[in-house]
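Student: Sequences and hints are given; from them, build the entire structure.
Each residue of the sequence shown is one higher than the last, beginning at 0 in numbering that gives the first Met the number 0.
Please note that a few of the clues may not be correct.
Stated by the list, open to error - As a list, the in silico SDA-like pairs of lysine to any residue whose alpha-carbon atoms are at most 20 Å apart:
#1 K327 with R129
#2 K327 with F236
#3 K327 with N296
#4 K214 with P95
#5 K327 with F65
#6 K327 with E242
#7 K327 with K214
#8 K327 with M311
As the list claims (entries may be wrong) - Label pairs and their calculated CB-CB ranges:
#9 A249 with C131: 50 to 60 Å
#10 G264 with P339: 47 to 57 Å
#11 M311 with S258: 19 to 29 Å
#12 E118 with N296: 41 to 51 Å
#13 L252 with P391: 51 to 61 Å
#14 T310 with Q413: 47 to 57 Å
Hints listed in this document are in silico derivations from the structure and should not be mistaken for laboratory results. All C-beta atoms, glycine included, are put in the ideal place defined by N, C-alpha and C.
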Amino acid sequence: MFPEICEILSNGGTITCFLTDADGVPVDTDAPLDLCEAVRRVTIPVTLPNGVVADLQQVTLRKSGFVVLEVTDGETTCLSEPISFCSVENIILCAPDGTDIVCEVTDFSCSPCVSCNTEGFVQSIDIFFRICQNVQVVADVTVELTTRLCQPRQAFDVPLCPRNAAIPPQCPVLFPESGEMPEDIAPELPTISLPAPDPVVNQEELETICVNTSKVYDWLVLTNDFEINRLADDLIFNCTPCEMRLFVPAVTLCERIYSGKLLCGEDPVAGAAVNIIADPPILEIDPDPVITDEFGNFEVLASVASGTDDTMVTVTAFAELPEGLASKSLNTMAFCPEPPCSIDLFIEGQEDLISCSSFLSGRVRCGNTVIEGATVDLESSNPAIIMFDSTPATTGSHGNYFAGISIPEDTPVQEVTITATTTIDGETISASVDITVECNETPCP
0 MFPEICEILS NGGTITCFLT DADGVPVDTD APLDLCEAVR RVTIPVTLPN
50 GVVADLQQVT LRKSGFVVLE VTDGETTCLS EPISFCSVEN IILCAPDGTD
100 IVCEVTDFSC SPCVSCNTEG FVQSIDIFFR ICQNVQVVAD VTVELTTRLC
150 QPRQAFDVPL CPRNAAIPPQ CPVLFPESGE MPEDIAPELP TISLPAPDPV
200 VNQEELETIC VNTSKVYDWL VLTNDFEINR LADDLIFNCT PCEMRLFVPA
250 VTLCERIYSG KLLCGEDPVA GAAVNIIADP PILEIDPDPV ITDEFGNFEV
300 LASVASGTDD TMVTVTAFAE LPEGLASKSL NTMAFCPEPP CSIDLFIEGQ
350 EDLISCSSFL SGRVRCGNTV IEGATVDLES SNPAIIMFDS TPATTGSHGN
400 YFAGISIPED TPVQEVTITA TTTIDGETIS ASVDITVECN ETPCP
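Tutor: This is the structure we're talking about:
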């Protein structure tokens, strides 16, 4: 089966594999990988290097997931359907009842090897895996601390914090109550010396702090090497794969357009539904899914919620086609600062001139949100000739405020500055308008 695979490899092609989900969508191996779980633990007697027999726990870890094989010579590319893998191993830990086992995969690699027969057909494929894992045994505990401002914290003997109902006991053989490990087990650790606190402490400076944290009972860093074998009958390859092209900017500031193109071979795919997902899911995609046009092109608007801090996001576009799954992932830095607050100020006048009386208006908003109930202070550069009938003014349900302006009689023509000021969430904002005023009414003859 699959003579094209053996032909590509015999002509200098390469075969690689990469981690995917069950649908064949590539998984970012630089992010935390959810591949490992503890499925069983049993207490067994274990003879330690010093000859002491201790009751420890045999923990069964299972690593499972999917990979896709890619065979290419630069011109022809063949992709396999997702291939499942699973590996089980037993390790010895101090993991008493009441503790949790946390298994984190920190590195993943795989290397495939193809066996072709004399007729140029694939017989089987071996895939070699190396998984690096960080395994910790932890339990949530409450720690009581007494602290002093700008001083190292001190132990406090009176139990003021609520204790855990039952903190699982530490393994006494590995970690004796004295705090010292057996010499043939204990690693050589550096000693850290903290400055001694001032022996004279004002009682008012002391504070008792209750901290919820994780207590680590045991910790191992392991490498798991294993291999799987798949016969040709168990494999599916597509050597005319469809290609998802995706164009995502390096930075997504509030709103950006993402675009792409879907091809099978050199032919565009029209009318296909393309799904776009973000990890973490902080992007709103519109439309989703998006339908490719007659040229296989698609375009969506990606929006980031206001107030989102800088976040690295993996954007994946994928489409399920009869020829197989086509997908592409790219990274973008997404963020959208809170919009600034602003105040508008408008003064009614003819040709920027106020004669004896007029009125002003304005609006207070933060971004696209109007602010109701804001207090607006009004002032002028010449308070003797500018009088407001309402100061401070208060914004209504639409964020608007209003005030009348009057000018005393016999005021000659002059220029003044009128300023409106308000404070929103501790931020003071203002707006000013320069305008000419006068009030020289001519009596009727």
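Student: For each hint, tell me whether it holds in the structure or not.
Tutor: Hints, verified against the model:
1. K327 with R129: violated (25 Å)
2. K327 with F236: holds (19 Å)
3. K327 with N296: holds (14 Å)
4. K214 with P95: holds (13 Å)
5. K327 with F65: Measuring from Cα to Cα gives roughly 17 Å; hence the hint holds.
6. K327 with E242: Roughly 8 Å between the alpha carbons, so the hint for K327 and E242 holds.
7. K327 with K214: With a Cα-Cα distance of about 41 Å, the restraint between K327 and K214 is violated, given a limit of 20 Å.
8. K327 with M311: Holds: K327 and M311 sit about 17 Å apart, inside 20 Å.
9. A249 with C131: 50 to 60 Å: Taking Cβ atoms as reference, A249 and C131 lie about 29 Å apart, which means the hint is violated.
10. G264 with P339: 47 to 57 Å: holds (51 Å)
11. M311 with S258: 19 to 29 Å: Since M311 and S258 have Cβ atoms about 21 Å apart, the given range 19 to 29 Å holds.
12. E118 with N296: 41 to 51 Å: For E118 and N296 the Cβ distance comes to about 43 Å; the hint holds.
13. L252 with P391: 51 to 61 Å: violated (36 Å)
14. T310 with Q413: 47 to 57 Å: holds (54 Å)
Hint compliance for this structure: hints 1, 7, 9, 13 are not met, and every other hint is.
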